[in-house]
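Asks: Construct the entire structure; sequences and hints are all you get.
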Amino acid sequence: MQSTIAVKNAPTDDARIVLSARDVSAWYGGKLAISDVSLDFRRNSITALMGPSGCGKTTLLRCLNRIHEAALGARVAGEVLLDGMDIYASEVSPVMTRRQIGMVFQRPNPFPTMSILDNVLTGPRYTGLARDPHELDQIAEEALRRAALFDEVKDKLRTPASSLSGGQQQRLCIARALAVQPEVLLMDEPTSALDPVSTLKIEDLMEHLASEFTVVIVTHNLQQAARVSHYAAFMLGDEHRVGRVVEYSSTEQIFTHPKESRTEDYITGRLG
Amino acid sequence: MIADVRLDKGRRARSALGLIATAFCSALAAGLLVVLLGYVIIQGWGALNPAFLTQLPRPVGVTGGGVANGIVGSLIIVGIATLMAIPVGILTGLYLAVYGRGLAAELVRFLAEVLSGLPSIAIGLFAYTILVQPFSHFSAFSAAFAFTVLMLPLMIRTSEEAIRGVPTAIREGALALGLPDYEGILHIVLPVARPLIVTGLLLAVARVTGETAPLLFTAFGSQFWEINPGNPMAELSLQIFTYAISPYDDWHRQAWGGALILILAVLVLNVGARLALSRGSRKR
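If you read the sequences in order, they're chains F and G. Per my numbering, the very first residue in the first sequence carries number 1; after that it's consecutive. Per my numbering, the very first residue in the second sequence carries number 1001; after that it's consecutive.
Keep in mind the hints are simulated off the structure, nothing from the lab. From the three backbone atoms N, C-alpha and C, an ideal C-beta is built for every residue, glycine too. A couple of the hints might just be wrong.
Each pair of labels, with its calculated beta carbon distance range [stated by the list, open to error]:
#1 F/Asp137 <-> G/Leu1036: 55 to 63 Å
#2 G/Phe1110 <-> F/Arg262: 49 to 57 Å
#3 G/Leu1264 <-> F/Gly29: 47 to 55 Å
#4 F/Asp137 <-> G/Asp1181: 24 to 32 Å
#5 G/Glu1113 <-> F/Ala71: 22 to 30 Å
#6 F/Glu79 <-> G/Phe1110: 41 to 49 Å
#7 F/Ser211 <-> G/Pro1087: 45 to 53 Å
Replies: So, in structure tokens, the structure goes:
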């Protein structure tokens, strides 16, 4: 099993740490969902958060751009440092944080009333990033190119986003996130609603994205974690369904020589 | 085995009886509406002619004339009411949908519910007390105010439901781009909710079109052209009322004609509401 998985080499360990979770705990109402999670995310790397359903990997991801707190009764404790600054500090606004840390969701969620172009430009337009029409066009083209979608849609930019296929819609959502020029890109199981061909396209795309951004991806697909990520964290829920990080290291290390027996059990299919 | 078959027969008989009873009542309800519509069309068709639609009422005893001032009056009063109800209704619905979890929101929701159950004549009396009595002057505006109060509960509820119904994924998509709340609501959430909000608006307009009771002591009615909302104004349903209780055959005929116009207007509004709804559901 382990030998069939081709594992990427991680970038050097001294690559700068862009994003860092310190003792992050999160609640839904009174229910603790993740407890004391500490993880570092390095520049230009892809970090996979993996683990069985309900282990809190999505909750952790949603704490990293302060979107967890948008849900009713949701609460976060701990620190998340972006370039050394705590995004949960009282003087930091969640709105500004989310412009630095973009997010792609599990299901493609293009804005249904908007054209392809307007979807991409929603961020730049309404965050005041750019107003000049010429500049907006450039931003749109660049974002669509980075998301490997430009050639497929360049002749129908004004048609509704809903006319695209599922895989194209997801790449549109990636382009939409990139158009705000974030530093970090969070991806919550971005291919789980897609067919294998679309999945492959997005995995290829992620490799390119890593050269410019810091990417964190949640996945319950081990092969995907092995294929695309440089670092991987294995999370597991305890008997009260409180998620914790069991092991975190380079992807190669975690897939070939896991330190924890629970990690090994999960990777070899005996757990989860 | 034989007993089983008998049991089965009894069950089938009861089932058939139930089917017949429900089908009969459905046919009765639908039939009543068809008879009513048919009767209004037969009675009102004869009154519909260009003069009826374009002329002023004639003095008592003179045949002919029309309800042009009443049609225009209805449009003005319902128009003003709609303009006032749109911002208040949609913004209240927005407040309830987005922030509506505390005691204050529950109170607003409860009051809107109570308001929707109030008899329209009571709302008319209220408008009379605060907008007619102090000025000793009937006015179309006081009628529009009463209509606004009548429209609000429906508009608040449909707007709240429309906005609440926008999928979480869409809202979060806007949040994740770093859009401030108001930008996300304005440019993302409201456009998605718009077809349902429009549906609610059209149903609210249909609800007050043809309301008569509040007009008796607000708009009051008029025999003349009047487009100033500060003055008493003719209104179609009010004219129907006046004509219907008169002893003149010609006025009775005109009352049926007016009723036909009102019914057609409400029909158009309802069809419009359905169209807006189906367009919206295709987009989601």
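Asks: Flag every earlier hint the structure violates by its number, smallest first.
Replies: none
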